[in-house]
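*Asks:* Sequence:
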Amino acid sequence: MVAIASAFSQMQGFFSGLSTVEWRLAVSVAVAVGALVVSTVLVPFAARQFRRGVRTHILPGPLGTGVDVVDESLPTTVGWVAVRLLQLSIVALAVLALLTIWDLLGVVESIVDSSGLSRWVVIQLFLTFALAGVVYVVADQYKRVIVRIGTQATWMTDHQLEIVVRIGQIVILLFGGLIGMGLWGINPQGLLVGAGFLGIVVGLAARQTLGALIAGIVLMFSRPFEIGDWVQIGEEEGIVTDIAIMNTRLENFDGEVVYLPNDRVNERAIVNRSRRGSLRLRVDVGIDYDSEPEHAKTVALTAIKEIDVVADGPPPQIVPKSFGDSAVVLEMRFWIDHPTPPRKWNAVERVVTAVKTAFEREGIKIPYPQRELSGRAETDGFRVHESGGVDDAGTQN
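Residue numbers for the sequence shown follow the numbering used here, so the first one is -2 and each next one is one higher.
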C-alpha cells in the first residue's frame, strides 16, 4: 500500500508539472490511447497467453489434466469477469490520470465531500457492482447447465428449454435484486404490497391474455402434441406448425392456417393421431344377403393384406357390423404406420379398390339400395309388370 501511494504521489507530481496546454493535451491523448490499447488488446491477449502458458509449461501431465477438468466445471464467465474488472481498473486509472493532468482531482474531491457521500456509501456501491457481477455469472452458468441438459435430453423441446432458462434467470435476478435492496436498506415489503395490488388490477384487466399465457406454459410442459403432429382440437384438425406462448398454429388440409388460443386448446378434447406412430382406419362395405359373410371376410382380408401401405401388425380385421336395408355391413379395420393425412387417404383408396376388385372376381355382390314393395291385403295387392307389358285391363305400360 505504501508503494502504491508513493507511486501515485510521483505520478501526481509529474502530471502537475506539465505547464503548457499543448503538453497536457499531448499527454492526455497518450494516456487515453494507451489505456484503450492496453484494455482492449493487451489484456485479452495476456489472459490467453497466461492460461496457455500455465497449462503447457507450469502444469504439464496429469496435474494439468486435472486442472482442465476443474476448468471445464467452472463458469466460463469467471474469466470474462476477471478480464473486464482488469479493463475497468485500467480505465479508472486513466480517468484518474486525466483528472490529475488537468488539475481537476481537487474539484472532484470537493464535489464528493459536498455531496455528503460517506465511506459506507462507497462500500455499498462497490458491493452492489460486485453483486451484479455475481448474479451475471450465476445466471450465465445456470443457462449453460440447462442448455447442456436440454441438448442431451430427448424429452425436452426447444420451447420448454427456453422457458426453463428464462424462468430460472428471472428468479436469479429477483433474488439478486432483493439482496441489493437489503444492502441499501430498502424494505421490499412495500414494493411487494404495491406489486400485489398492481397484479390484481392487471389480472382483472387482462384475464384472457394472462390465461392464454399461463395455458401456453402448461401446454409446453404437458406436451400433448409437438410440432409436426397430426391433431384434432375440438372441431379443428390439421398439422401443428408452431406452439407459441400465446397460441397454437395448425395448418388444415385446405391449406388454411388456424390460430388457436392456448387457453381454448386446454379446454378442448385433443386427439393426437401421430403420438402412437400408428393409426387404425375403418371402412364399411356391404354384401348381398345371399352372399356368405365368412367367405366375403376371407376374400377381403386376403386383398387387404396384399396392400403394402397397410401395416402387418396389428393384423387387419373384418367384422360383420350390422344388418343394412340392402346389405350385410362389414367393417374393415386395418392399421397404417407413421400416420399422415396423405397416407390415410392413400390407404383407404387402395383398400376400397382392392376389395371391390376381389369381390367382383369372386362373384360377391355389393348391392344397390333395394326396396321391397307389397300391397295391403284389403286392396287385393298389386302387381308390377315389365316395361312395355299389358296389365289385366289391357292397358299398355
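Treat the hints with caution; some may be incorrect.
[What the hints assert, rightly or not] Simulated crosslink set (DMTMM-like; lysine to aspartate or glutamate; CA at most 25 Å straight-line): (1) K318 with E328; (2) K302 with E291; (3) K341 with E233; (4) K341 with D251; (5) K353 with D251.
Rather than coming from a laboratory, the hints here were simulated on the basis of the structure.
*Asks:* For every hint, state whether the structure bears it out.
*Replies:* Against the structure, the hints:
1. K318 with E328: 6 Å, holds
2. K302 with E291: The given pair, whose Cα atoms are some 17 Å apart, holds under the 25 Å limit.
3. K341 with E233: 18 Å, holds
4. K341 with D251: Holds, at roughly 16 Å.
5. K353 with D251: Violated, because 29 Å separates the two Cα atoms, which is more than 25 Å.
Going through the hint list in order, the structure does not satisfy hint 5, though it satisfies all others.
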